[in-house]
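Asks: Please take these sequences and the hints and turn them into a complete structure.
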Amino acid sequence: MALYISVIGFVMIEFNEAQVEDRRKVSSIKFLKFNRQVYLGQLTMAVFISAVFILGSIVLKGKYIGEVNFAKYAINLMVFSLAALCLVFLINNITNNRFVISAISTVLSLGVSFISGVMVPQEFLGEKVLAIARLFPIYYFVKINEMEVASILEMKCDILMQLLFAVIFLIMGLHFSRARQRA
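Numbering follows the numbering used here, with no gaps: position 10 of the sequence shown is 10.
If you're looking for bench data, these hints aren't it; they were derived computationally from the structure. Source: prediction; values computed, not measured. Beta carbons: idealized from backbone N, C-alpha and C, even for Gly. Among these hints, one or two may not hold up.
Claimed, not checked - Derived pair list, reagent style EDC-like, types lysine to aspartate or glutamate, alpha-carbon separation capped at 16 Å:
no. : residue 1 : residue 2
1   : Lys156    : Glu146
2   : Lys72     : Glu148
3   : Lys72     : Glu14
4   : Lys72     : Glu21
5   : Lys72     : Glu127
6   : Lys33     : Glu21
As the list claims (entries may be wrong) - Restraint-style ranges between C-beta atoms, simulated for each label pair:
no. : residue 1 : residue 2 : range
7   : Ile29     : Gln122    : 20 to 28 Å
8   : Leu163    : Asn16     : 44 to 52 Å
9   : Leu153    : Asn16     : 38 to 46 Å
Replies: Spelled out as structure tokens, the structure:
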């Protein structure tokens, strides 16, 4: 999550500079078309980052790939990447400050990772901590990684939760983008 927020967030700072914004506002490009193009660019970067993770796991653990449900991990990573990408879109429409984005990247990724079961297994976390963790897509990402599945359909609820977070973050990001455009 930190990588997505940092890399894509810092690239988006350049697009959100006042000079670029002013040029975009006087152009004939529509608000939704611009946001679609920006989001497709971010999606391309997210696919690249995810591909690096997937290829890295193949290179590092290639001979063990047959022992795990690799499709489960790859699908889960792609869905989580989409949710993280939408979160980046929201963050970039809230702030353009490099320091704030860096702080959010660090605090959010480490804090949420700790309470969601990345650093401490979910079975050792209390119910109140897990209740808070359920408010973030990384909880469902970790939950899928920890479960044994015979079929991809067994993880559909957790995948849908991550997709729901993606939609919520995207809608909120569009709202803040429109509010900034009007201002």
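Asks: All hints are to be evaluated individually against the structure, with a verdict given for each.
Replies: Here's how the hints hold up against the structure:
At most 16 Å may separate the alpha-carbon atoms for a hinted pair to count; Lys156 and Glu146 meet this at roughly 14 Å. For the given pair, Lys72 sits about 10 Å from Glu148 by alpha-carbon distance, which is consistent with the 16 Å threshold. With a C-alpha separation of about 35 Å, the suggested pairing of Lys72 with Glu14 is violated against the 16 Å cut-off. Under the criterion of a C-alpha separation no larger than 16 Å, the hint pairing Lys72 with Glu21 is inconsistent with the structure, at around 41 Å.
For the hint linking Lys72 to Glu127, the alpha-carbon distance of about 26 Å lies beyond 16 Å, and the restraint is violated. For the given pair, Lys33 sits about 14 Å from Glu21 by alpha-carbon distance, which is consistent with the 16 Å threshold. At about 45 Å, the beta-carbon gap between Ile29 and Gln122 misses the expected band of 20 to 28 Å. Leu163 and Asn16 have their C-beta atoms about 26 Å apart, which leaves the hinted 44 to 52 Å range violated.
Look at Leu153 against Asn16: about 40 Å separates their beta carbons, and that is inside 38 to 46 Å.
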